[in-house]
Amino acid sequence: FERLICLCVAYNVKSSNDIRKNSPPKLYRHFGSFELNPDNLLHLHEAVDAQSITLYIENPENASRTFSIIRAMLKKLNHDAMNFGLKWDVEFESSHNSGIFLSYEKAEAQLLHPWFKAELTEDQAHNRPHESSNQN
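For the working numbering, count along the sequence shown from 1 and bump the result up by 7.
The hints are simulated quantities; they were obtained by calculation from the structure and are not laboratory data. The reader is advised that the hints may include incorrect statements.
What the hints assert, rightly or not - As a list, the in silico EDC-like pairs of lysine to aspartate or glutamate whose alpha-carbon atoms are at most 16 Å apart:
no., residue 1, residue 2
1, 33, 65
2, 83, 9
3, 82, 96
4, 113, 98
Claimed, not checked - Pairwise CB distance ranges (calculated):
no., residue 1, residue 2, range
5, 101, 20, 18 to 24 Å
6, 33, 116, 31 to 37 Å
7, 112, 61, 16 to 22 Å
8, 116, 9, 29 to 35 Å
9, 36, 93, 17 to 23 Å
10, 88, 116, 27 to 33 Å
11, 88, 21, 17 to 23 Å
12, 116, 82, 20 to 26 Å
13, 118, 34, 31 to 37 Å
Fair warning: this is a prediction, and the values are worked out from it, not measured in the lab. Every residue gets a Cβ at the ideal spot worked out from N, C-alpha and C, and that includes glycine.
Whenever a hint applies, use it, and build me the whole structure from the sequences.
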C-alpha cells in the first residue's frame, strides 16, 4: 500500500506543470487522498485484515483513466518489487445496485459506467454530434 501511495504522489509531481496548483496530499496510516492530476482527486483506503485496497474517485469523468493508471502502477510494483508474487482481484461496485460488486471481466463486458467506456469506431467518431461548451 505504501509503495502504491509513493507512486501516486510521484506521478502527481511529474504530471503537473505547476505543483502549486495541486492540493497537497493527505496521507494517513491506511488512507491516502491526493490528486493524480489537477481536478482528479482520488482516495485509496487499505483494509489490512481483508488485504484489500479500495479506490474512490471524486470526478466520475476521470474514473476510467484513473483506474488505468492505478492498475499500471500495481503491475509495475508487482514486477519491480514483488517479483510477480502479488496477485489481486479487481471488483467494481455496480452503479445500479449499491453494495453489489462485479468482477473486472463482468464490469468490462457491461461497460460499467464510469469505469469503462465504449470505443468509438472511426465512422462513429466522425458522425458524432459537435459538443459545445457554451452554457446559457
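**Message:** Does the beta carbon distance between residue 88 and residue 21 stay inside 17 to 23 Å, or does it fall outside?
**Reply:** At roughly 19 Å between Cβ atoms, residue 21 and residue 88 fall inside 17 to 23 Å, so the hint holds.
**Request:** With 29 to 35 Å as the target window, see if residue 116 and residue 9 comply at their CB atoms.
**Result:** This hint holds: roughly 33 Å between Cβ atoms.
**Message:** Taking the Cβ atom of residue 88 and the Cβ atom of residue 116, is their distance within the range 27 to 33 Å?
**Reply:** At 31 Å between Cβs, range holds.
**Asked** Is the distance from the Cβ of residue 112 to the Cβ of residue 61 consistent with 16 to 22 Å?
**Response** 19 Å, holds
**Prompt:** Lying within 20 to 26 Å: is that true of the beta-carbon distance residue 116 to residue 82?
**Reply:** Roughly 21 Å apart at Cβ, these two residues keep to the hinted range, so it holds.
**Prompt:** Cβ-Cβ distance between residue 36 and residue 93: within 17 to 23 Å?
**Reply:** 21 Å, holds
**Item:** 16 Å limit on alpha-carbon distance, applied to hinted pair residue 33 and residue 65
**Value:** 15 Å, holds
**Item:** 16 Å limit on alpha-carbon distance, applied to hinted pair residue 113 and residue 98
**Value:** Since the Cα atoms of residue 113 and residue 98 sit roughly 9 Å apart, the hinted pair holds (cutoff 16 Å).
**residue 101 paired with residue 20, Cβ distance criterion 18 to 24 Å** = 34 Å, violated
**Asked** Does residue 96 lie within 16 Å of residue 82 when you go C-alpha to C-alpha?
**Response** 12 Å, holds
**Message:** Tell me if the beta carbons of residue 33 and residue 116 are separated by a distance inside 31 to 37 Å.
**Reply:** 35 Å, holds
**Prompt:** Falls inside 31 to 37 Å, the C-beta gap from residue 118 to residue 34?
**Reply:** Since residue 118 and residue 34 have Cβ atoms about 33 Å apart, the given range 31 to 37 Å holds.
The structure fails to meet hint 5 from the earlier list, while all remaining hints are met.
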